Amino acid sequence: MKDLLDDIDRWRADDKRVALARVVDIEGSGPRDPGAAMAVNEVGEVVGSVSGGCVEGAVVTEALSILQGERAPGVITFGYSDDEAFAVGLTCGGTIRLFIEELAW
Amino acid sequence: MSVYADLSAAIRAEEPVALVTVIDGPNTGAKLLVRPDHEPAGGLGHPELDRVAHRDALAELEAGRSGVRHYGPAGETTPEDLVDTPLVRVFVESWAPPPQMWIFGAVDFTAALAKVAKVLGYRVTVCDAREIFATRRRFPMADEVRVTWPGPMFDERGDELGPRDAVCILTHDPKFDVPAVQGALATAVGYIGVMGSRTTHDKRLERLAEAGTDAPEELDRLMSPIGLDLGARTPEETAISICAEIIARRTGRVAPSLRDASGPIHQ
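If you read the protein sequences in the order shown, they are chains W and C. So in our numbering, spot 31 of the first sequence is number 31, and the numbers just go up one at a time. So in our numbering, spot 234 of the second sequence is number 1234, and the numbers just go up one at a time.
Source of the hints: derived by calculation from the structure; they are not laboratory data. Just so it is clear, the structure is predicted and the values come from calculations on it, not from any experiment. Glycine included, C-beta positions come from ideal geometry on N, C-alpha and C. Heads up, a few of these hints could be off.
As the list claims (entries may be wrong) - Just some of the chain W residues that point at chain C, by a computed CB distance under 8 Å: (1) R22; (2) P34; (3) G48; (4) G52; (5) G53; (6) G57; (7) I66; (8) Q68; (9) E70; (10) R71; (11) F99; (12) E101.
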């Protein structure tokens, strides 16, 4: 998160809306611990990462749909072990849960 | 100030702070910002929920942990109280100050170790009594360079060290090693490594015994000779072997190659 602050501040100073995705939980093998974070602004600029590159693309899509009001903030799951998991998986076979929200606080 | 402004200021200042976020339940997205010796800021939607989340977040912060916790909507925590209530899931994210590494001895190995330790996120202090060696110019990567003997250093700041921290003694000079080892043993530091050949190690044990440090449970805390058996030769390779040992001690692994072990890679 610390690495994200400068970019987030710059985006917000430019009046760009920002969505924040944070790893809250991992099961099995997972590349990043809870707290790993990435931020996406309304024009699709990205900073940070939440996995080894496996799910970042899908996170950008979800983040943008939150900023566009198409979905509510909440937990999304990536991985193979959950029936409701997104189609995008982790190559390591684990499951990660992210909380995605607009940074409006 | 907004919660984000308070949070980012604390993170930048490396002050301990925890952010509690409701990730599932009524008020999803609600925040409580928790800092030791400060009133909490924000709220999760119920005063009793705020109270228990504040208490739990302080404990998580103390341990440097982040993770998900469950409560009832009015802060219920016991399993009986949680039957038939909707659950509130919160994510407690902790930002603890970085762990410290104190390196005694201003030698070539020190510069390499300080570099690798910085990569791993340590706040690095280099300490040597010799003014001409312990200079900022030689150790620009260190957060702090102290010209002092180990005794005064531990007397002054030893109580800062805890289980996440490391003391690496690279001097292999008995008049420096012995007080450094004794100083480190008097703290709660999680890792104490001491450099030197096996011959140096044996002589050091004799000197420590002469100085009154011979209890097996104390000597058992020393990683001496320092480092994993990687066959490291250069200062940089040695630094990797020391840091790898620190990681393995923290996780309780014996550090074989992943290929030669089985079971999950992460636990």
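So, going through the hints one by one against the coordinates:
no. : hint : in the structure
1   : R22  : holds, 7 Å
2   : P34  : holds, 4 Å
3   : G48  : violated, 13 Å
4   : G52  : violated, 12 Å
5   : G53  : violated, 17 Å
6   : G57  : violated, 22 Å
7   : I66  : violated, 11 Å
8   : Q68  : violated, 17 Å
9   : E70  : violated, 16 Å
10  : R71  : violated, 12 Å
11  : F99  : holds, 4 Å
12  : E101 : holds, 5 Å
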